[in-house]
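Enquirer: Sequence:
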Amino acid sequence: MVHEVFLGLGTNLGDREKNLRDALRKLGAHEKIALESTSSIYETKPVGGPLGQPLFLNMVAKIKTFLQPYELLKELKTIEKEMGRKPGVRFGPREIDLDILLFDNEIVKTKELEIPHPRLKERAFVLIPLLEIYPDCRLPDGILLREILKRLNPSQEDVVFYKESPV
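Just so you know, the sequence shown maps onto residues -19 to 147 in this note's numbering.
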């Protein structure tokens, strides 16, 4: 069965644009992943973690995959490691961060994986690019994400348009 998945991509170390392009290239080259669409890139201040971090570039990608949630998570962790991500400080600087935001209409809640992403409803830097490519997106409980974004009411300084989709 083919699954529809939305991934969050973020980076704040090195050549940030290249990191996003490389991650998308690796996703698209995977035999069980098809890259369907990508959002624009947005620049944001770090949320949480150590002070003084560089700004993040964030975007969302829609993929189709035959992988199950835990298999996909394993592949994403492999890509992160290949791109130089090392275990470190929670919410700290990183070359690349690949998060499963939504996986079909599934709900998963374990120590290793939580879908929908547990902080999806708190992060305008994820909601804005997600809604760009899927304006009518709903959580599995039926809540429209655009309603959640309205309640967050981010300022224009919180999530700044950086560049059109790199693909």
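No wet-lab data here; the hints were simulated from the structure. Please note that the accuracy of each hint is not assured.
[As the list claims (entries may be wrong)] Taking lysine-lysine pairs in the BS3-like style, the calculated list, with each CA pair at most 27 Å apart, reads:
no.: 1; residue 1: K101; residue 2: K25
no.: 2; residue 1: K89; residue 2: K143
no.: 3; residue 1: K130; residue 2: K12
no.: 4; residue 1: K101; residue 2: K130
no.: 5; residue 1: K66; residue 2: K89
no.: 6; residue 1: K66; residue 2: K12
no.: 7; residue 1: K89; residue 2: K57
no.: 8; residue 1: K54; residue 2: K130
no.: 9; residue 1: K(-2); residue 2: K12
no.: 10; residue 1: K54; residue 2: K(-2)
no.: 11; residue 1: K12; residue 2: K89
no.: 12; residue 1: K6; residue 2: K25
no.: 13; residue 1: K57; residue 2: K42
no.: 14; residue 1: K130; residue 2: K61
no.: 15; residue 1: K42; residue 2: K25
no.: 16; residue 1: K(-2); residue 2: K130
no.: 17; residue 1: K57; residue 2: K44
no.: 18; residue 1: K91; residue 2: K61
no.: 19; residue 1: K66; residue 2: K130
no.: 20; residue 1: K44; residue 2: K89
no.: 21; residue 1: K(-2); residue 2: K57
no.: 22; residue 1: K130; residue 2: K143
no.: 23; residue 1: K61; residue 2: K12
no.: 24; residue 1: K(-2); residue 2: K42
no.: 25; residue 1: K66; residue 2: K91
no.: 26; residue 1: K61; residue 2: K44
no.: 27; residue 1: K91; residue 2: K143
no.: 28; residue 1: K12; residue 2: K25
no.: 29; residue 1: K(-2); residue 2: K44
no.: 30; residue 1: K101; residue 2: K89
no.: 31; residue 1: K101; residue 2: K54
no.: 32; residue 1: K6; residue 2: K61
no.: 33; residue 1: K130; residue 2: K91
no.: 34; residue 1: K12; residue 2: K54
no.: 35; residue 1: K130; residue 2: K6
no.: 36; residue 1: K130; residue 2: K57
no.: 37; residue 1: K89; residue 2: K(-2)
no.: 38; residue 1: K91; residue 2: K54
no.: 39; residue 1: K54; residue 2: K42
Enquirer: Each of the hints needs a verdict: does it hold here or not?
Expert: Hint by hint, here is what the structure shows:
no.	hint	result
1	K101 x K25	holds (17 Å)
2	K89 x K143	violated (34 Å)
3	K130 x K12	violated (35 Å)
4	K101 x K130	holds (11 Å)
5	K66 x K89	holds (24 Å)
6	K66 x K12	holds (25 Å)
7	K89 x K57	holds (18 Å)
8	K54 x K130	violated (33 Å)
9	K(-2) x K12	holds (23 Å)
10	K54 x K(-2)	holds (22 Å)
11	K12 x K89	holds (24 Å)
12	K6 x K25	holds (26 Å)
13	K57 x K42	holds (17 Å)
14	K130 x K61	violated (35 Å)
15	K42 x K25	holds (24 Å)
16	K(-2) x K130	violated (32 Å)
17	K57 x K44	holds (18 Å)
18	K91 x K61	holds (20 Å)
19	K66 x K130	violated (35 Å)
20	K44 x K89	holds (21 Å)
21	K(-2) x K57	holds (18 Å)
22	K130 x K143	holds (23 Å)
23	K61 x K12	holds (19 Å)
24	K(-2) x K42	holds (19 Å)
25	K66 x K91	holds (20 Å)
26	K61 x K44	holds (22 Å)
27	K91 x K143	violated (35 Å)
28	K12 x K25	violated (33 Å)
29	K(-2) x K44	holds (23 Å)
30	K101 x K89	holds (16 Å)
31	K101 x K54	holds (24 Å)
32	K6 x K61	holds (12 Å)
33	K130 x K91	violated (30 Å)
34	K12 x K54	holds (13 Å)
35	K130 x K6	violated (34 Å)
36	K130 x K57	violated (32 Å)
37	K89 x K(-2)	violated (32 Å)
38	K91 x K54	holds (14 Å)
39	K54 x K42	holds (18 Å)
Hint compliance for this structure: hints 2, 3, 8, 14, 16, 19, 27, 28, 33, 35, 36, 37 are broken, all remaining hints hold.
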